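Now for the letters of each chain:
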Amino acid sequence: GQQVMQIPQYQHVQEGEDFTTYCNSSTTLSNIQWYKQRPGGHPVFLIQLVKSGEVKKQKRLTFQFGEAKKNSSLHITATQTTDVGTYFCAGKDDKIIFGKGTRLHILP
Amino acid sequence: DTGVSQDPRHKITKRGQNVTFRCDPISEHNRLYWYRQTLGQGPEFLTYFQNEAQLEKSRLLSDRFSAERPKGSFSTLEIQRTEQGDSAMYLCASSKTSSGELFFGEGSRLTVL
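In the order they appear, the protein sequences are chains V and L. This note's numbering puts the first residue of the first sequence at 1, with every later residue one more than the last. This note's numbering puts the first residue of the second sequence at 1, with every later residue one more than the last.
Hints listed in this document are in silico derivations from the structure and should not be mistaken for laboratory results. Be aware that a few hints might be false.
Each pair of labels, with its calculated beta carbon distance range [claimed, not checked]:
hint, chain 1, residue 1, chain 2, residue 2, range
1, L, N30, V, S26, 25 to 33 Å
2, V, P39, L, R59, 27 to 35 Å
3, L, T111, V, L107, 30 to 38 Å
4, L, Q41, V, T82, 18 to 26 Å
5, L, Q54, V, E17, 41 to 49 Å
6, L, R22, V, G40, 16 to 24 Å
7, L, T76, V, Q14, 43 to 51 Å
8, L, Q80, V, D94, 22 to 30 Å
9, L, R64, V, A68, 36 to 44 Å
10, L, T13, V, Q80, 34 to 42 Å
11, L, Q84, V, Q80, 33 to 41 Å
12, L, R22, V, G16, 40 to 48 Å
Computed from a predicted model, the values in this text were never measured in an experiment. The beta carbon of each residue, even a glycine, is placed where N, CA and C say it ideally should be.
With the hints as extra help, turn the sequences into a complete structure.
See below:
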């Protein structure tokens, strides 16, 4: 069945450093979505990528969708304390399947 | 509030009891998903609906779990004969289209004693 794998599981960075999380699917995806979940909260949609090789930016966040539409990445430049949380990729084949997430800790 | 609402927010029950959760999606959202999330894990797919039709149920889900969306609006998730391993946050999400973003509710936290 469809599986979405995400690495790393945890990432500790100093405030101001960059952060990247990677996502891989066992199947070709029609699109990939990224969500952020703050501690104690529910997942909140960040962005959706649809096209092969697509790159989208949201301020300090850069999202990429692989050429084969099976992998994706999220890169945060110059992390801030407000970036703390868990970042999930979610791959859509038919249903939407989430990765296990990458928990980002910011060290002041 | 026009977001996704879930009820109850918290449920504590004894092993062997039945529990039912309700989800009211955003109006006119056709897709409705149920996920289960435990501490430190991602949302685990349980089942999803397109209007009133249940399109898929996770193979990992035992027969004790059942979900309905009778009129294509609200949905219920019932767990029969609860076990301690059922303790988790049960999340409901809806989307306007089959490929659209998911809007999550606050979740229903289940504790089985």
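Which hints from the list above does the structure break, by number from lowest to highest?
none
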